[in-house]
Structures are given as structure tokens and as C-alpha cells.
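As they're listed, the protein sequences go chains A and B. When we follow our numbering, the leftmost residue of the first sequence carries the number 1, and every step to the right adds one. When we follow our numbering, the leftmost residue of the second sequence carries the number 1, and every step to the right adds one.
Hints should not be assumed to be uniformly reliable.
[To be verified] One side only, chain B facing chain A, incomplete, derived with CB under 10 Å:
id, residue
1, 18
2, 222
3, 304
4, 312
5, 323
6, 328
[As the list claims (entries may be wrong)] Here are the simulated lysine-lysine pairs, DSSO-like style, with alpha carbons at most 27 Å apart:
id, chain 1, residue 1, chain 2, residue 2
7, A, 162, A, 321
8, B, 447, B, 434
9, A, 165, B, 379
10, A, 322, B, 175
11, B, 431, A, 44
12, A, 391, A, 449
13, A, 162, B, 321
14, A, 321, B, 175
15, B, 187, A, 31
16, A, 44, A, 31
17, B, 379, B, 321
18, A, 306, A, 322
19, A, 165, A, 234
20, B, 57, A, 306
In case anyone wonders, no lab produced these hints; they're calculated from the structure. The beta-carbon is built from N, C-alpha and C at its ideal position, and this holds for glycine as well.
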Amino acid sequence: MRNTTATQPLFDFSAPGRRATEFPAAAVPTKSLADLIPAGALAKEPPPLPELAEADIVRHFVNLSTLNMCVDTHFYPLGSCTMKYNPKRHERLSRLPGIVDLHPHATEDDSQGMLAILYEMQQMLAEIAGLPAVSLQPAAGAQGEFTALLTAAAYFRDRGEKRTKVLFPSSAHGTNPASAALAGFDCVQLPPTNTGFVDLKQLQAELDESTAVFMVTNPNTLGLFEKEIATISKMLHDVGGLVYIDGANMNAIVGVTRPGDFGGDMMHYNVHKTFTGPHGAGGPGSGPIAVRDFLGDYLPGPVIQKTETPSGVRYSLVTPKKSIGRVRSFSGNVGILLRGAFYLRTLGAAGVREMTEQAILNANYMKARLQDVLPVPQGELCMHEFVASAKKLKDEAGVTAMDIAKRLLDYGFHAPTVYFPLVVPEALMIEPTETESKQTLDAFIDAVKEIVVEDPDMLHEAPHTTSVRRPDEVGAARNPVFCNTACGPT
Amino acid sequence: MSYILNTPDQQAEMLAAIGVSSIDEIIQRQIPQDVLVEGLLDLPPALGEMELETHIKQLAALNRSDRVCLMGGGAYDHFIPAVVDEITSRGEFYTAYTPYQPEASQGSLQAFFEFQSLICRLTGMDVSNASLYEGGTAVSEAVFMAMRCTNRHKRVVILGSVNPEYRQVLQTYTKTLGTEVVVIPAKNGVVDPAEVTTALNDQTACLVIQQPNFLGCIEQAEELCTAARAVGALAVVSFDPISLGILTRPGDYGADIAVAEGQSLGTPLQYGGPYLGLLACRNEFVRKMPGRLIVQGKDRDDKLCYMLGLQTREQHIRRDKATSNICTNQGLLALRATVYLSSLGPQGLKEAAELSCRMAHYLADQLQTVPRVTLAFDKPFFKEFVIRCNQGVDKFLATARDLGFNIGPELSRFHDSELLQDGVLVAVTEKRTKAELDALVSGLKAKLK
Ligand SMILES: Cc1ncc(COP(=O)(O)O)c(C=O)c1O
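Input sequences plus hints: build the corresponding full structure.
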């Protein structure tokens, strides 16, 4: 049933003269282009794009879409990514006139409705974080990290303190060290621990007056809540440093505990994870940050301010007093922020707590039922996700985490995150989210239980039913092809 | 609203399987009591779908995007064919994650490979990545990339005619690194290549130009790129994708790295984001590139397939040595651009560019017949231009709004010494008709006598 003709390279459908979009001729009396544009800047012909018919375009991309697994079609327990259901009402609302067509340079007068929604989002994120000052600007979690680190740097600079070090546990996501380096800090990674928790002695050994920030994901990337977080925070504050909470795992704690209450000074959200902005096959995301009040003056501009006047409420865009400046154009990935705001407005306070609790329940249920075949080295219980290890299976039968992941595709499940965090050998990081039923979880658990006793040779060859089999990455890296062979600077 | 599927009975079964009495027990055994939230957070009350829709429609109605759009300054009201919305609203695309499992993501991977291919053809560059956040950060990423390529980290030269927000982002991004950012001011709408040549030296990592520039004018891009390369600096060009329907491509006039705000390629205005950062470069620099890259290859049955490539540049492998911290990118907007460029093709892009250009020139001519309105510069421009109004910018813009037109932004908004404080940007796309433009001009003439 698969239409392999339609999924041939797009360029193969090109034929001279084919059109899908046509515009009218200019009905205005101006000179010819040659008189308007200097000769050196005028192209002799338009770029060599393919010439396609709309019917071919549609059939091509619709057929391509069927080669994807996605939340709408499959259980997608990709750890750390929070692949929850994306409500359809958010899509309709974010496409309303007045929203989808509002120009970012529209005057404040002309964008009061938009600013009202974004202001409310700012306030909701502050409340959930327990941190009062919010910037909606960052485009994704990684940019949130970077922005917060620059905010911290500006704060220290203002106080005349020279702090050069950013610390993080070895289980940290790759963006943490990458963002710290980009912000000009020296990166110090703590050694791995057996428990998966931060080792206070190790941390203490690295703390001194050059310490700027400790970045920690909480719950951590093993799905475990750092019990000593308040102590960790005090240790940092004692040397004058700050605690950054990577909020990728907020789905485990929204409404249950707050970064500001357990000692975090700054954090980012991944609205595309926790608050169900869809992931869009890799983006867009939105990574707003929340910080303590004494850091609020350094946030990037603009932030949204609400003023009550005798004539009514007024929203405006303002740049904080000692702002680090802009981190992007305009005012953030608004489309994703809106979807997050719609979600929070439909859940309310009780709804977000239920969301968190059910995410925790689903994860613990899966963990309890899977750990006899896939041991979970760290944690008796877990928060919203857990990291199982296929090490025993690998030692005994040669079956790797990757084999299991690939075989799950044959069973109609998206694979968990594999080989992250690096501290667990043969890691399979499983995050079911709250929007899955027990039936689905049971079916996945049954599939894993069948897979672990399947023929190892067959598993090494998995997947068997997908549109393509395992790619030859080594071969592709040898002579990498980055674009359709006929392209290039012709 | 609730998105929970499990019934109380099922939840009880699950708790029994875990061996706990309640969800609270799971929480309390892991999170210290003293940091738990007591009761509920202070959030607005929950709304049902219907109530939310009513509420949001009321707020949306306060946004005055119903007027004819003549606004620019980095985001443009170009036409978006229906096919773009239809394809990108397929759940198979928008509810998928980053294609980390290639066998389950060939749809996204092939589409992004096609995106890269189309961007190469559009720009005349060798390699495009699979997207960055937006046009402003794309400039900063290109500058960092140029520093890595040249191993010069101390000095960057950027034209004052580059989008002020992009320059502000670059200031923010480089502040803690101590890189000197030299700004060459524009005079009468463009920058003098001779002045740029003087500013460039063998410590300069790159020269950043924008074509057409923020004021809409056409720079001497080729001369500028040549000057940069003469001192071993990289030529970084921020381009307007639509303009390439009629203007020469960055790859044809010597750009080493071409970046852009790709919003015009099929992404709606939506108050500034999500948009699409484009970055393409010459082959020799590909290993220094930021962001995700898709490559074509073979699977183990020798079948054509697509996968993530050169991942050792990226944060999940290289951590603090990565070429960028970007992880989540702008995939869905890259897909929009892919479908958009497929739909327009060479002829459609040319028509859109030519129509925008001619409509803009028509309006520029007509506006000069309005009392005390003048064109700020006498330089060639593409689809956007700066006007000055002796009666005061505010009065002019308010009058236009009364007539049903949004114009702007006014340059004073950017608090930028490089910009004319009494100037206003006017941008015209292929969507505008002669009738609309004539109505504006005759209305202005009547009211601004
Ligand atoms: C723990 C953690 N931190 C940070 C990030 C980076 O977030 P983003 O992809 O939104 O930039 C991720 C997401 O992949 C993550 O899982």
C-alpha cells in the first residue's frame, strides 16, 4: 500500500513549466526592473528551484508524512521529551485572525489582546516556578539556559564579582555545558555517582568564590528528585553562587513543588514539552525563564508589563533596567507560548496537579512492571520517567538498548530515549506522560517482555517493518551528502 | 479540561502493581515534605473549550491586524499558499519529535533534506543546516562560526544597516566573550565599501552585511564580500529570501555564510515567532556549522534513506565543545519553507519578488505626492523603504491607521544611534493591490493637507 513513487526525491517531480502558485502581473506603472535595481544586483534568472505541480507536491508530502511515527499515531515514550498529547483546540485557537496575522511591530495599542494573553502566561509561569520574574523570549530550552547564564553573569558583573565557573553533574543534558561554554564560562562536570544523585562532597570540593552557577535538572535525568536540593542550594549560596534548574522535567513537579521553593534561583521551561506545544518534528519550541526578583532587572527585553489606570488595564513592552539586551528578534516563540497558555487555561490549578500526578503514576507503573526484565539501577520509585538498563541482557545475550529500541518500532511503539544519560550503561529512558491509558502501557510492557526473549540475531537486524532499515551511518559519514546531488552553487 | 485516560479503578490497579497506597505516597517518599506545595497553585480558573474559545476570540479582536499591512522591519506579510497550511497541519509532522530514530522518521528526515537542498538552490551556497531559531540568532551563530573557521575571536565588523535587533542580539551574545563588534554606519541608506575596507584587518573574523539592508536599500554586496575575503575574514550575508526571486544570490557574489530570517517563506506573522533561522555555507566550513544537518545515505539493505549527520558537532555528543548549544530547532517552519518553495518554484518566486518590488516603487512614488512626505534616501531599494514626514511621524501613522493601514515600524523605536530618528519603514509585498495603495495615498493627501 505504500506509494514509493510519491516519496521519490522532490526534485524528480520537476518538469519545465509546471506551476503551483501564480501571481498576477503588476498592475502599476513603474519602470522595468532593470531601471529599479542596479545591474550588478539583478539576477539573470530566478534560482533553480524545482518546477512542481500542486498535486505532486501534496502527494509527495502526504506520503512522506506517513513514514513518521508521531504522538497522533503512536505511543512515544521518549524520555526527557515529554511526548504528551497535543490538543487540537490549541491549533485552531492559535490560527485565529488577530493572532496568526498580528505583525510583531504592531503598536502596543494594536496588540493589547495578544499582550494580555502573554502577560497572563508570564504570571502563570512565575507562579508555577515560585520565581517572580519571567522572560518569554528564549526560543527553546537551550536558549533559556544561555539567557539565564548571561543574566547571572550580568548580575555578578554588577556586583564586581568575577565568577568564571559553571558546574553540572555528569548526568546533565548536553545543552547545559554547551550553553555555559557559549556564555563564556569554564565548565566543570562533577564525576558520575552510583546513586544518580549529586554527591555533596564532590560538589563541595568544587565550590569556591569563582563558582557562578550550578546547573541541575530536577527531577534529574534519571527521573529522580534531588532530595538534597535545598542543601545543595545553601552550599551554592554560601559561596555566593546561584542555582539553575533545568526545567525539562517540569512535567514531574508542576503544582507539587516549585523550583523557587526548593532553592532554585533561575530556571527554564520547555513549553513544547511540559505545556504541550507540539514538537513539530524537531521544533519550534519555547524556553521561557523564571528568576528570583534580584535577577529580574537583568532579564532580556522586552518583558510585558501590566498597568492599571483609571481608564482601564494597559499592557506594554518594557526593557528591564539593567537588561542583558536582546537574545532574539521580537518577543519570543509566541505561537508555542500561546499553546502553552491555552493548555494552562483549560487545566487550571487542580488540572495541572492532576497532570503531574498521573504522569508520575504512569511512569511508576511501567517501572514496576518492567524492572524484572529491564532493571532500573537507580531509584526505588521514580518521578515522571525512569532509566532502565539493558546491560544484563547485553552481557548475557548480546542484545543492546539500541536493539530493543529498534525492535519496538516493529511492534508499533516509538522507542524510548537510548544511551542518555551517559551514567547508565545501555540506558533506555522511558517517559510515558499522563496522556496514555493503562491499556497502552500494558501493550508496551508486553511488547518489551516479548522482545527480550526474541532471537538476538533477529533483534540486531531490527527494525524489519519500517520504511527503511537501520541506516549505514558510517558509510554516510565517509562522504556526506547534504543536499540533492544536483544542487550546489550552480 | 482533563487529558487523563485512566479510570479510578485502573489507577487503583496501577497503585497496587507499584505497591503503594496512593500517588501522594509516591510523591512523599521522594520529595521532602518542606518543599511540597500546600493546596493548589494560584492559577486562573479552568475553562472548557467553548469558554476558552470565546475568551480568546474576544482578546484576538482587540488586536488590530485587520488593517492593510504595510509593515516590515524584519517580518513581512507575504502570501502563503493553502498547501503550506494543509501539509504542515498534518499530525504526522507536527506531533513528531526530532528525528532521532531514522527508521521511524523518514518523512521528516527526507523533508528536511529537501529543505536543505532547496535552501542551497535558493542561496547558491553548498550546504544548509536544518534551521536555527530565527534571523537574529542566525547572525550571531554565523559570527561564532566565522570565529571558529578563521580562528580569530577578537574582532567582528558589522554594517550599521543590518537589522538593529540582530545587532543587539550580537552585542548580547558576544558581551561575555570580550569580542569587539565594530559598527560601520550607513550614509544616505547604504554603507560606503571604502569605509568598510578601512575597518577590516587581519584580526577580523568576519564582515556581516544585510542585503537588502534594514532600510530596504541595496548594498554593494559583491564589493563588500570581496573586501572581507581580502583580509581573510569571512563574508556573512543576511539576506531576504523573497528578494532572491530577482536579486543575485549570496553564493554568487562571494558570501561564505548566508543567513536569513526565513519567515517570509510561508510562515505567518504570529506576533514575531516562531520564525525560521536559515544558515548556509560553503563546503569547506561545514564541520564548523551550528545546528542539525540531515544527510542522505543507504540503509543496510542498500536502500536510499536519510539520517542525522555530522552529529559530533552537536551538544548531545560534544557538550561544551559543541559548535552551538541549539537542540530543539524550528523544524516545522523549515517544513513550511519547503512546501512554500516547492509551490512557488522559480517562476512564482520571481513573480512574488518582482510584484513586491514594483508595488513598493509605485507606493514610494505616490507617497511623495503627499504634502511634506519625502523618501529618506535616493538609493535603489527592493520592497521596503524609509520615509520622513515633516508633520510628525505619529500624526502620519495615526492618519494611516484611520484610513485602515498599518505602516511601520518607526525607526525611533529601536533606540539605535545608527538609525534616522524621524524615519518610518514602509514595506510592500505582492499581496498589496494598486487599489489599496491608491486609497491610502488619496486618503493621506486629503487628511494631511
Ligand atoms: C534535560 C534537558 N535539558 C535541556 C534540553 C534542551 O531543551 P531544548 O531542546 O528545548 O533546547 C532538553 C531537551 O532536549 C533536555 O531534555
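Outcome of the hint check:
1. Among the interface hints, the one on residue 18/B holds; its C-beta lies about 5 Å from the nearest C-beta in chain A, closer than the 10 Å criterion.
2. Interface restraint check for residue 222/B: the shortest CB-CB distance to chain A comes to about 6 Å, inside 10 Å, so the restraint holds.
3. Using the Cβ-Cβ criterion of 10 Å, the hint placing residue 304/B at the interface with chain A is satisfied: the shortest such distance is roughly 8 Å.
4. Of the supplied interface hints, the one on residue 312/B holds, with its beta-carbon coming within about 9 Å of a beta-carbon of chain A, less than 10 Å.
5. The restraint placing residue 323/B at the interface with chain A holds, with a minimum CB-CB distance near 9 Å, inside the 10 Å limit.
6. Because the beta carbon of residue 328/B sits about 4 Å from the nearest beta carbon in chain A, less than 10 Å, this interface hint is met.
7. At roughly 21 Å between alpha-carbon atoms, residue 162/A and residue 321/A fall within 27 Å of each other, so this suggested pair holds.
8. Using a Cα cut-off of 27 Å, the hinted pair residue 447/B and residue 434/B holds, with the two alpha carbons roughly 20 Å apart.
9. Restraint check for residue 165/A and residue 379/B: the C-alpha separation of about 50 Å exceeds 27 Å, so the hint is violated.
10. Of the supplied pair hints, the one linking residue 322/A and residue 175/B holds, its CA atoms being roughly 14 Å apart against a limit of 27 Å.
11. Proximity of residue 431/B to residue 44/A is assessed by CA-CA distance (about 24 Å); at most 27 Å being required, the pair is judged to hold.
12. Simply put, residue 391/A and residue 449/A have alpha-carbon atoms about 16 Å apart, close enough for the 27 Å limit, and the pair holds.
13. A hinted pair counts as satisfied when its Cα atoms are at most 27 Å apart, and residue 162/A with residue 321/B qualifies at roughly 23 Å.
14. Between residue 321/A and residue 175/B the CA atoms are separated by roughly 17 Å; this keeps the pair inside 27 Å, and the hint holds.
15. For the proposed pair residue 187/B and residue 31/A, the alpha carbon gap of about 26 Å is at most 27 Å, so the pair holds.
16. For the suggested pair residue 44/A and residue 31/A, the alpha carbons sit about 18 Å apart, so the restraint of at most 27 Å is met.
17. Between residue 379/B and residue 321/B the alpha-carbon distance is near 44 Å, which puts this suggested pair outside the 27 Å criterion.
18. Proximity of residue 306/A to residue 322/A is assessed by CA-CA distance (about 19 Å); at most 27 Å being required, the pair is judged to hold.
19. With a C-alpha separation of about 17 Å, the suggested pairing of residue 165/A with residue 234/A holds against the 27 Å cut-off.
20. Pair hint residue 57/B plus residue 306/A holds up; C-alpha atoms about 20 Å apart against a cutoff of 27 Å.
Taken one by one, the earlier hints fail for this structure at numbers 9, 17, listed in ascending order.
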